[in-house]
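Participant: Single-letter residue listing:
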Amino acid sequence: MMIQSLGQNLVFGLLVGALYGLVALGLSLIFGVTKFLNVAHGELVMFGGYACFWAFSLLGVDPFISIPISMVFLFLLGAVVYRLVFSRTVKLPEESKIKNTLLVAFGLSVILQNLALNFFTADERSVTTSYAMKAFTIAGVRFPVMRLASLVVAVLFLVALTLFLRKTYTGKAIRATAQNWEAASLMGIDIHKVYLLAFALGASLAGVAGILVTVNYSIYPTMGLSWTLKALIVMVLGGLGNIPGALIGGLILGVTESATSFFIDSNYREVAGLVLFLLVLIFRPQGLFGMKES
Amino acid sequence: MTKKKIILLILIVLCVVLFAILPLVIQKDSTINLVITVLLYMTLASSWNILGGYTGQTNLGHAAFFGIGSLAARLLWISGVPFFLSFLAGGFAAVVLALLIGIPAFKLRGVYFAIGTLALAQILNLTVSNIFPEMSYNPALADYQLASRYYLFLGLAVVTIGCAYLLVNSRWGLGMMAVREGEDAAESLGISALRHKLLALVVSAFFGGLVGGAFAYYHLSYYLNYPFSPEWTFDPMMMAYIGGTGTILGPIIGSVFFVLLKQLLVWNVGEYHLVIFGTLFILIVLFLPGGLIEAWKRIQNLRHHQKTSGPGGLSRRLGSWLHSLQPKKG
Chain G
0 MMIQSLGQNL
10 VFGLLVGALY
20 GLVALGLSLI
30 FGVTKFLNVA
40 HGELVMFGGY
50 ACFWAFSLLG
60 VDPFISIPIS
70 MVFLFLLGAV
80 VYRLVFSRTV
90 KLPEESKIKN
100 TLLVAFGLSV
110 ILQNLALNFF
120 TADERSVTTS
130 YAMKAFTIAG
140 VRFPVMRLAS
150 LVVAVLFLVA
160 LTLFLRKTYT
170 GKAIRATAQN
180 WEAASLMGID
190 IHKVYLLAFA
200 LGASLAGVAG
210 ILVTVNYSIY
220 PTMGLSWTLK
230 ALIVMVLGGL
240 GNIPGALIGG
250 LILGVTESAT
260 SFFIDSNYRE
270 VAGLVLFLLV
280 LIFRPQGLFG
290 MKES
Chain S
0 MTKKKIILLI
10 LIVLCVVLFA
20 ILPLVIQKDS
30 TINLVITVLL
40 YMTLASSWNI
50 LGGYTGQTNL
60 GHAAFFGIGS
70 LAARLLWISG
80 VPFFLSFLAG
90 GFAAVVLALL
100 IGIPAFKLRG
110 VYFAIGTLAL
120 AQILNLTVSN
130 IFPEMSYNPA
140 LADYQLASRY
150 YLFLGLAVVT
160 IGCAYLLVNS
170 RWGLGMMAVR
180 EGEDAAESLG
190 ISALRHKLLA
200 LVVSAFFGGL
210 VGGAFAYYHL
220 SYYLNYPFSP
230 EWTFDPMMMA
240 YIGGTGTILG
250 PIIGSVFFVL
260 LKQLLVWNVG
270 EYHLVIFGTL
280 FILIVLFLPG
290 GLIEAWKRIQ
300 NLRHHQKTSG
310 PGGLSRRLGS
320 WLHSLQPKKG
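Same order as they appear, the protein sequences are chains G and S.
Using numbering that gives the first Met the number 0, the first residue of the first sequence is number 0, and each one after it goes up by one.
Using numbering that gives the first Met the number 0, the first residue of the second sequence is number 0, and each one after it goes up by one.
Just chain G, same shape as in the assembly (with noise of 0.2 angstroms):
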């Protein structure tokens, strides 16, 4: 009994941890390339959460087929967001520019927020569809389909991304300009719509996790701060800029979170999350596989 349950959190902590992962997906990209600190992730997430939430509510759209209407509506607010604020940064020496992006972040997730209390009240909101409470068990272990599904599309836009950033002529500029962008403007790439990609895209991907969270949790317009502290735990876990790391780190976080529920108590899953990244930042700052900066 206690093995099987064991094994249950174990899952559970794995499939949670998918969810992490890709929530963490985006922030890497827009770190990696850009060396932003978008510390509004988790606004850009809530808003993805809300594009389902509308859509579903007004007008019926499943969760899973409003993920393009979530990607591009965040794909544009990203790009308006980088167009206004964050383009001002670029030429900054890398120091201060993750400085300065990290407090302009978070006058835009102030911002974000109060629109969000503004126009779509404190209400906590979620998405119940007809198959929410389906799941099937093997050797005693249980497989709620929407974890399982949220897996599927963490993974499946992990592989994305990277076909994306391996195979296609755009993905390798995006490299490029991450790898040195003084270098890869020398060979005639054009930065800033490098950039603007990069952040846009990195949005359009907080947008897909936000609408794993609206079905596998709930929304509402303060939950930014808690999902960026996980992003930048996955983020910091599996090595800053290091897009399969993101995955890696989020399972990381999520066994984490269950032997934490498992072992100890419920109530401190967050806090043994932020207790492992504050010792990672003081023991290891280049992440759990992240390499040495020369």
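No false leads were mixed into what you were given.
With a straight-line Cα cutoff of 30 angstroms, these simulated DSS-like cross-link-like pairs (lysine-lysine) come out:
(1) K106(S) / K90(G)
(2) K192(G) / K96(G)
(3) K192(G) / K90(G)
(4) K166(G) / K192(G)
(5) K261(S) / K98(G)
(6) K171(G) / K96(G)
(7) K296(S) / K2(S)
(8) K296(S) / K261(S)
(9) K90(G) / K296(S)
(10) K96(G) / K106(S)
(11) K296(S) / K4(S)
(12) K192(G) / K171(G)
(13) K27(S) / K261(S)
(14) K171(G) / K90(G)
(15) K296(S) / K3(S)
(16) K98(G) / K171(G)
(17) K166(G) / K90(G)
(18) K98(G) / K192(G)
(19) K96(G) / K296(S)
(20) K98(G) / K296(S)
(21) K106(S) / K98(G)
In silico negatives: residues of chain S with every beta carbon more than 10 angstroms from chain G:
(22) L13
(23) Q26
(24) A88
(25) E133
(26) Y149
(27) V157
(28) L198
(29) N224
(30) Q262
(31) I298
So these bits of chain G aren't anywhere near chain S, every CB distance computed over 10 angstroms:
(32) S56
(33) G59
(34) A131
(35) M132
(36) A134
(37) T136
(38) V140
(39) L155
(40) W180
Since the hints were derived computationally from the structure, they do not count as laboratory data.
The beta carbon of each residue, even a glycine, is placed where N, CA and C say it ideally should be.
The hints should help you fit chain S onto chain G, whose structure is shown.
Facilitator: Here is chain S on its own, set in the frame of chain G:
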């Protein structure tokens, strides 16, 4: 030089006296509460500024010190310790926390420090809400006097700003600013970055904790984890930035501006003051890192240049006098 200092001193004393007699002139509780809010934010933003502004360490976890101060003060006060002792204990609790986290935190440089402190404050926020899930009620509800709260906040604001002024104009203050401008350069001149950062952290935390204690004395009922919530970091930080970080006047101007804006807008459109304040904050970080103080300075400089093209005279001297009144920017 001394003449200007005397005039400045008289102005400051006048200001404090005005604040001190305010509750005698205006009896309306709502006005007193408003001024208390201004004083609270002013003190909190000034205490943040010592580490965040003068020493250049962006502390995104100041709410931890505010929270621990209020928690210690409230719990001791409720259990029967005289208030003033509980209040001081709040400040010392924040110092202990600062010393505990100081060494590991300062192993983190730059942005790692910022997100590390953010995580730390959130850890405390969640843990306190787990341990104390119930609402805390003010034990002195029967003989609650607003005036005593008001003077506590006023005295605290004066002491905090005064100490900040003395600190940043001392040798230690110069060292802190040197660390802000370049840690390696400062180290190469024999300034211990760690010691200066620790001192700034401890002073900043101490006053942050004391404001927390005053908050515990002032508020009737609240959840004990509420003072740990991130808004107690971000609002004062935005105030310091909008007024001008690394100046004494900056957080004062920023906090007055914030509360006035809140008052003006809250009647019309919900939480829009935060939308406007956030926008202003972004604009200032991007285009005017010195804040409103810097803006004023620039206007003065512009005037100064216009005047100097002429034969000079009174207006020119007035201009340069006004200019010299600005706080020195490190």
